[in-house]
Amino acid sequence: MSGTGPVEPAGPAETGAGHDVIGADAPHLGDQALDRWRALSPRVRGATLAAATLTTAGLAAVLLAPGTGPDRALPAAAPVPFPANVTGWHYLGPATPPGPRSGLFRFAVRVDSGPPVTLTVVDAAFAGLDATVTPEPAFTVPAGTTRRVTVRISVTDCSGLPLDADLPFLDVTLRNTRAIQHHSFIFDGAYSQDLSAVLHRACDRSPAPLPSRPSGSAGSQNAD
Amino acid sequence: MHTLPQQLANGLLLGSMYGLIAIGYTMVYGIVQLINFAHGEIFMTGAFGALTVYVYILPDGTSMWAAVPLMLIGGGIVSVLVAVGAERFAYRPLRQAPRLAPLITAIGLSLTLQELVRNFYPGADKSRAFPSLDATHSIGSVDITDADIFLVCAAIVCMSSLAWFVRKSRTGRAMQATAQDPDTAQLMGIDTNRIIVVAFAIGGFFAAVAALSYGLKYGNIDYRMGFLMGLKAFTAAVMGGIGNIYGAMLGGVVLGIAETLASAYISNIPGMQQLGGQSWANVWAFVLLILVLLFRPQGLLGERVADRA
Amino acid sequence: MRGTHRLPPGRKCLRKGLIVRKRSLVILTSVLTTGALTLTACGSRDNGNKSGGSSSGTTLTIGVDAPLSGENSTTGLGIQYGVQIAVDDANKNNWVPGVKFKVKALDDKAQPATGQSNATALVGDASVVGAVGPLNSGVAQSMQQVFNSANMVEISPSNTNPTLTQGKDWQTNKSRPYKTYFRTATTDALQGSFAADYAWNGLKKKKAFVVDDKQTYGAGLAGIFNGAFKKLGGSIAGTDHVNTGDTDFSSLVTKIKASGADMVYYGGQYDESEKITKQLKGAKVNIPLMGGDGMYATTYIQTAGQAAEGDLATSVGVPADTLPAAKSFIATYKSKGYKGDYGAYGAYSYDAATAIIKAVKAVKDANGGKLPASDQLRSKVVDAVQKSDFDGITGKVSFDQYGDTQNKQLTVYQVKGGKWVAVKTGTFNG
Chain Z
4 MSGTGPVEPA GPAETGAGHD VIGADAPHLG DQALDRWRAL SPRVRGATLA AATLTTAGLA
64 AVLLAPGTGP DRALPAAAPV PFPANVTGWH YLGPATPPGP RSGLFRFAVR VDSGPPVTLT
124 VVDAAFAGLD ATVTPEPAFT VPAGTTRRVT VRISVTDCSG LPLDADLPFL DVTLRNTRAI
184 QHHSFIFDGA YSQDLSAVLH RACDRSPAPL PSRPSGSAGS QNAD
Chain G
2 MHTLPQQLAN GLLLGSMYGL IAIGYTMVYG IVQLINFAHG EIFMTGAFGA LTVYVYILPD
62 GTSMWAAVPL MLIGGGIVSV LVAVGAERFA YRPLRQAPRL APLITAIGLS LTLQELVRNF
122 YPGADKSRAF PSLDATHSIG SVDITDADIF LVCAAIVCMS SLAWFVRKSR TGRAMQATAQ
182 DPDTAQLMGI DTNRIIVVAF AIGGFFAAVA ALSYGLKYGN IDYRMGFLMG LKAFTAAVMG
242 GIGNIYGAML GGVVLGIAET LASAYISNIP GMQQLGGQSW ANVWAFVLLI LVLLFRPQGL
302 LGERVADRA
Chain H
46 MRGTHRLPPG RKCLRKGLIV RKRSLVILTS VLTTGALTLT ACGSRDNGNK SGGSSSGTTL
106 TIGVDAPLSG ENSTTGLGIQ YGVQIAVDDA NKNNWVPGVK FKVKALDDKA QPATGQSNAT
166 ALVGDASVVG AVGPLNSGVA QSMQQVFNSA NMVEISPSNT NPTLTQGKDW QTNKSRPYKT
226 YFRTATTDAL QGSFAADYAW NGLKKKKAFV VDDKQTYGAG LAGIFNGAFK KLGGSIAGTD
286 HVNTGDTDFS SLVTKIKASG ADMVYYGGQY DESEKITKQL KGAKVNIPLM GGDGMYATTY
346 IQTAGQAAEG DLATSVGVPA DTLPAAKSFI ATYKSKGYKG DYGAYGAYSY DAATAIIKAV
406 KAVKDANGGK LPASDQLRSK VVDAVQKSDF DGITGKVSFD QYGDTQNKQL TVYQVKGGKW
466 VAVKTGTFNG
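Residue numbers (the numbering used here), protein chains in the order written: chain Z, 4 to 227; chain G, 2 to 310; chain H, 46 to 475.
These are computed hints drawn from the structure, not numbers from a lab.
Hints are not guaranteed to be accurate.
Okay, the calculated beta carbon distance ranges per label pair [as the list claims (entries may be wrong)]:
id, chain 1, residue 1, chain 2, residue 2, range
1, Z, 137, H, 412, 53 to 61 Å
2, G, 161, H, 384, 40 to 48 Å
3, G, 94, H, 420, 48 to 56 Å
4, G, 61, Z, 139, 56 to 64 Å
5, H, 220, Z, 96, 24 to 32 Å
6, H, 420, G, 121, 41 to 49 Å
7, H, 464, G, 150, 48 to 56 Å
8, H, 412, Z, 98, 44 to 52 Å
9, Z, 93, H, 224, 25 to 33 Å
10, H, 259, G, 89, 42 to 50 Å
11, G, 65, H, 158, 39 to 47 Å
12, H, 381, Z, 111, 52 to 60 Å
13, Z, 137, H, 220, 35 to 43 Å
14, G, 297, H, 194, 46 to 54 Å
Dumping the calculated DMTMM-like pairs for lysine to aspartate or glutamate here, alpha-carbon to alpha-carbon at most 20 Å [unchecked claim]:
id, chain 1, residue 1, chain 2, residue 2
15, H, 453, Z, 191
16, H, 453, Z, 115
17, H, 249, Z, 115
18, H, 302, G, 144
19, H, 384, G, 144
20, H, 441, Z, 115
21, H, 219, Z, 191
22, H, 276, Z, 191
23, H, 276, Z, 207
For glycine and all other residues, C-beta sits at the position ideal for the given N, C-alpha and C.
Input sequences plus hints: build the corresponding full structure.
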């Protein structure tokens, strides 16, 4: 449809068997299963339903009972989670020394369960910013562990760059045996202030003339 | 202000729809002095009648040239049957009752019709898709769709046939007589019951025309659509002078244009930003109604009592 | 009530003599009706009361309040049946030994006053231990006080307005107004900014026209989007407000067209936005309409048809398809043939009901295996819900000090080929 911007491309060449790309085929799975389900005879359906119920019950008992260990204990029964649903990022603070047009930010990346997740930082929210994890661009975090990483964010173009965004985020590609997902991790508070400081340092004294970016509400007639 | 012609067209189209529905209020009031609050629901059943023809009767892929007249017939039949049925079974038994009784009946009937459609028409509890005619034509700076053309043509044809019918035909003149003085008219040999049924039927058919235009224009209908449209059409009828058929159409058009212009431009007046926009359109429409009633209590065309029909 | 009409005193007189009086009657009627009708705005509809008789053993009721008929009912029914499935699972698997649960679902018609009276009814029913709902933030405002006075837990799967948990001054000074109110959905403070980010970075849109429905949810969300979009450098081509229940948006469409906006952001529910997008595309204004979780429903696509193609909605949570634990939930929902749409909030309703059920179990276990008396039970369940920490079908279920979920995930969906397709997901890490 015209007027609609590009959608993020699906994952790189690794998209092979065993990987789902989010949104590519997931909606169809349910429907096909449902059709197949309808084709079964009532007796088979009943049996399957009973079996499914028992499995669900067992699963629920395992998952919900307090004190049960991680679901690795029952690898056959536990569903493999999508990487975005088990991965958490927490901002720790800035790292020194920052460059004139870049900053270093320390994060703790934790994976709660499932197979190891491989992460690649793709983007830092805005066109005009580059983000890379140092020293290696891609890293793997096994379940149940936390890994500390440093992300270098450098300013490549100040024009049109919002210097004081409230909720800046990191675009990350996550990959495990279940799926490849492009996911944003959004931060507020300390990270947004620290990022702002870097952007101001890079762009406020930038020799390149700043374009007349609409600052705040200029040119708007909003009433809210 | 370069959008003014387009906004006037928007208002005229909305107003024509109000006017077509308002005819039903005004004709019934003119003859039996009853405000038929179920008329909005008669409009709504007309839309579902038309949809039934399209979805359940016509084969898939019927050309809209063939479908629209058939849908009009289907919607018309349903609306006329509901309107005449309401008259026969809900209002006629109460003809001699205190005025409050038919009014309450009308309210009850309106809720009954809504609930019947909601509960028994498949999928009517939420918006149902209606075939829309949305091919757009540009006339100067004004864009209008096929549905808009249908609405304007239908409104003109309906109004002129009604004018001719009331002035020239035997039944029409009998209607005028009944409106002036039902008792005397009856003494002169006019079957007033028949005239009342005709008034309800005409109102119902016009509502069906409006309902079909509504569906073709907005592309969806639901069981609540009659409520607000009925309310606005009643306002239009009062504004134009209730009992006067030309007043109903004029009132509809004035109301539609007022609403549209208020929604479009009031927020541009300095200091009025908070009082403009789409959400205030109804408020300005009713402010206009109050002003009209303050200065011309009989409505815009209300003094032409002889034309009441 | 559609208006009042006074019996004229001299009805026996000839009709002609009454013309003047009739006129004043018409005026009176019209003024009264227009006034009364604009205020009430809706006819009456029945409510889907599902209370049943009591069975042997202890039976506790989980109340549900959501719009089950008319406006918003597609998503509202998704909440009702999400809770139903959770309760069925709890009974089938005997999650709380000796205690059976049942659902009492009340229809609030998306109206605050109805929600409030439903809350009163639920509080008055001694068997009700907690409630899931409502759908609409505006309705929630009228219900929170009622549940709070009764010390009864209320968990909404869908309310996103920040003030409900963080108080009126949430931007500067967060303070929790009601300790009995929780939600499994995250807030519009995140959702509005996430939408603005996607509009600016993903869609590369520069001029947005912002419309809202003046409701607590819609106006709040649109305001947050507006602020965030401007902060990113975008401009606002114009703003407007609509009424819920409006059908003709031609004037608004002409304004949007003249403003030169390259996208429309709508804060509100699918009932209006599906009509706006249809009329927008009908007038050859081919710019996408974007909204929040209130328009993430299959009905939006069914009604708007081709016009919906390319439109976007953010929603709270991640797509249900990516939650392996939710698979059996979806299968059950489909196989039971439940009405409504589980997509937006069904799984979150399941987890909300599960949180209440688990809280009952925790209270019972802490009390030596017996349920405390009903007045104590309710307040103890509130405390137990606050301490919730379990893996639900939407992920980890736990609440922060404001009653907000700790699981703050968001998704941008776009209509592609007549289906909502996830195009971006994000997690907030405070």
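Outcome of the hint check:
1. Z:137 <-> H:412: 53 to 61 Å: holds (54 Å)
2. G:161 <-> H:384: 40 to 48 Å: Holds: the Cβ-Cβ distance is about 47 Å, inside 40 to 48 Å.
3. G:94 <-> H:420: 48 to 56 Å: holds (55 Å)
4. G:61 <-> Z:139: 56 to 64 Å: holds (59 Å)
5. H:220 <-> Z:96: 24 to 32 Å: Holds, at about 28 Å.
6. H:420 <-> G:121: 41 to 49 Å: Holds, since residue 420 (chain H) and residue 121 (chain G) (Cβ atoms, about 45 Å apart) stay within the stated range.
7. H:464 <-> G:150: 48 to 56 Å: violated (34 Å)
8. H:412 <-> Z:98: 44 to 52 Å: holds (51 Å)
9. Z:93 <-> H:224: 25 to 33 Å: holds (27 Å)
10. H:259 <-> G:89: 42 to 50 Å: holds (43 Å)
11. G:65 <-> H:158: 39 to 47 Å: holds (44 Å)
12. H:381 <-> Z:111: 52 to 60 Å: violated (43 Å)
13. Z:137 <-> H:220: 35 to 43 Å: holds (41 Å)
14. G:297 <-> H:194: 46 to 54 Å: With Cβ atoms ~53 Å apart, the hint holds.
15. H:453 <-> Z:191: OK: residue 453 (chain H) and residue 191 (chain Z) at ~13 Å, within 20 Å.
16. H:453 <-> Z:115: Judged against 20 Å, a Cα distance of about 15 Å means the pair holds.
17. H:249 <-> Z:115: Judged against 20 Å, a Cα distance of about 34 Å means the pair is violated.
18. H:302 <-> G:144: With Cα atoms ~11 Å apart, residue 302 (chain H) and residue 144 (chain G) stay inside 20 Å; holds.
19. H:384 <-> G:144: violated (39 Å)
20. H:441 <-> Z:115: The hint holds at about 10 Å.
21. H:219 <-> Z:191: holds (15 Å)
22. H:276 <-> Z:191: holds (15 Å)
23. H:276 <-> Z:207: Cα-Cα ~17 Å, so holds.
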